[in-house]
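Chemist: Top to bottom, those sequences are chains A and B. Heads up, the first sequence is in this note's numbering, so the first residue is 1 and it goes up one at a time. Heads up, the second sequence is in this note's numbering, so the first residue is 1 and it goes up one at a time.
For the record, the hints were derived by calculation from the structure and aren't laboratory data. C-beta atoms are modelled at their ideal positions from N, C-alpha and C, and glycine is treated no differently. A hint or two may mislead.
So the derived label-pair ranges between C-beta atoms look like this [unchecked claim]:
#	chain 1	residue 1	chain 2	residue 2	range
1	B	Pro311	A	Phe29	31 to 39 Å
2	B	Pro510	A	Leu19	24 to 32 Å
3	A	Pro35	B	Met26	47 to 55 Å
4	B	Val22	A	Phe32	47 to 55 Å
Okay, the calculated bits of chain A under chain B, using three or more residues with CB under 8 Å as the criterion [stated by the list, open to error]:
#	stretch
5	12-22
6	26-35
7	38-50
8	55-65
Examples of chain B residues lying across from chain A (beta carbon under 10 Å, computed) [claimed, not checked]:
#	residue
9	Pro87
10	Val200
11	Asp219
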Amino acid sequence: MRTRTPSRRRHPIVLLLLLPLVAVLVPEFYNFAHPSIGGMPFFYWWQLLWVAGVAVCTGIVYLATRSPR
Amino acid sequence: MIPPFNGLEFGIVVAMFAVVTVLGFMATRWNRTTSLASVEEWGLGGRRFGTVVSWFLIGGDLYTAYTFVAVPALLFGVGATGFFAVPYTIAVFPLVMFPAARMWSVCHEHGYATAADFVRGRHGSALLALLVAITGIAATIPYIALQLTGIKAVLEVMGIGGDWPLWIAFAALAAYTWTSGLRAPALIAFVKDILIYIMVLVAVIYIPYKLGGYNVIFDRAQSTLTSQGLGTLLTGSQYLGYSTLALGSALALFLYPHAVTGVLATRSRTVVKKNMSLLPAYSLMLGFIALLGYMAIAAHVTPVGGTAKAPDTTTIVPVLFNSQFPHWFAGVAFGAITIGALVPAAIMGISAANTFARDIYRPYFRPRASDREESLVSQIVSVILKLGAVGVIVALKLSFAIELQLIGGVIVIQILPPLVLGLYTRWYHRWALAAGWVVGMGLSVYMLYITPSKTSAHFGSASFAFSSWGFDTKMTIWTGIIGVLANLIVATALTPLLRRLPQGQDETSPADYEEAEAPPMPLEPGRAPRVT
Chain A
1 MRTRTPSRRR HPIVLLLLLP LVAVLVPEFY NFAHPSIGGM PFFYWWQLLW
51 VAGVAVCTGI VYLATRSPR
Chain B
1 MIPPFNGLEF GIVVAMFAVV TVLGFMATRW NRTTSLASVE EWGLGGRRFG
51 TVVSWFLIGG DLYTAYTFVA VPALLFGVGA TGFFAVPYTI AVFPLVMFPA
101 ARMWSVCHEH GYATAADFVR GRHGSALLAL LVAITGIAAT IPYIALQLTG
151 IKAVLEVMGI GGDWPLWIAF AALAAYTWTS GLRAPALIAF VKDILIYIMV
201 LVAVIYIPYK LGGYNVIFDR AQSTLTSQGL GTLLTGSQYL GYSTLALGSA
251 LALFLYPHAV TGVLATRSRT VVKKNMSLLP AYSLMLGFIA LLGYMAIAAH
301 VTPVGGTAKA PDTTTIVPVL FNSQFPHWFA GVAFGAITIG ALVPAAIMGI
351 SAANTFARDI YRPYFRPRAS DREESLVSQI VSVILKLGAV GVIVALKLSF
401 AIELQLIGGV IVIQILPPLV LGLYTRWYHR WALAAGWVVG MGLSVYMLYI
451 TPSKTSAHFG SASFAFSSWG FDTKMTIWTG IIGVLANLIV ATALTPLLRR
501 LPQGQDETSP ADYEEAEAPP MPLEPGRAPR VT
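Bound-form chain A, shown alone (with noise of 0.2 Å):
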């Protein structure tokens, strides 16, 4: 037997995944050399924070949409 998700409206939880992607899609943002942590300037920790950014806001929507048991 398989099991349907009866159709739903879309959660507004799903525009979280806008964030990465703007976030890191305008360089206007993040080209800059300071603050630098440990020697790393500013543009290229700022994208791997949005690493952990991505996976966080994709895990949370996946939580809140994922089908019940």
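Add chain B to chain A, keeping to what the hints say.
Modeler: Using the frame of chain A, we list chain B on its own:
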């Protein structure tokens, strides 16, 4: 200058390769309930992979050996622009999460094994399906060939000049892929990724420690790049090129047949969605690997091979490891890069072969082919593709293959309208989508053709300079964005005009896209995956 032969490193690489080959053959017995003689079983592993296996499989599939050598090479060569790989592999997950889940559901419901299978079922158009199949195969072939450049770079640094190890490596790969199908790379991916994670962890701590910290690394990179007119930050005219390259590559990534195969081989829609928040772990690793390019600058690494005008910068990571690590650990790292080339090459071979068997051979040559025959064709084509890839690398200049790869993303993004829009709407007319493909592909290929590189007049790069069209600016844009916009405009404009012409039959229903879980029982033996 060819470095001296290093027996210890070579011995370690050979031993690791042997272990992986045995694993590949053993994989045929893994988690199997029925005969392997169908595309479902051989080419998709029975669609039974859970969260952990899928994480290794898709991760091993998308973050390839080429990535490990080419991305640092890019930072080494051009500075900040090369870091686009990080926003690219961040943006891909939020973009793909929901379309991939819908794709999994509809393909599971209807037994589709490839993107072209879905397009045929959704739009009722054999022509559109053929275009999608050809696009996918054309974009994948150079990608398979490119995996060899990772192995070749390692071999060169170990002091082995000939091509014979490539033939042996890919012959072994072809043999165990023949017997085990997708299960082989899935099992090997465990070994590969654990090794790569260890290698990266050691590299990003130990090498900066030896060089005097990230301060020294970025300072030296900045001063070296500045002397070449580049830098560790973007210039204003690079912004558009940087973000469109990242966005476009992200949109293109899951359109490749091997990525579709990775998604469809999972057990459930939940596994797909969950992995969109687990796979970024690989992006973190990729980000640190990218910085190896600056470490190579700071360590005064000189590339091995290539010509004086165009040195083969793909060798800088192996050279860096060779100069910084003890030889035994350099050997382990080289083994990891070698195995890292085999996993994606296997999956790419399987998925391109599946596409050929399902979407070209069956509909156009043998409509009555049995599942067994279809899977046999897929096995044969997979072997041809792998050995053909070695032939291409051996026969052609290496730099040519890399240019082809840049072009791969520009080509494959042209199937976005029929595939991704098709997941959400049937508004588009099938012939409008086909016309959009023709215009978009034509424009993209033309733009690539007039883009020169340092060493060639045509097909030089996937970054298109607006100055080629007479604009007085240094700005560039990722070629595929223009191509896919043209494709979308044509498809959207023609759809209302073509309304009177016959519509294709849609065999899917809205509920198919929401289907949540796999049936609890595996597919019964011999059940035909239906293509209509």
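Chemist: Looking back at the numbered hints, which does the structure fail to meet, lowest number first?
Modeler: 10
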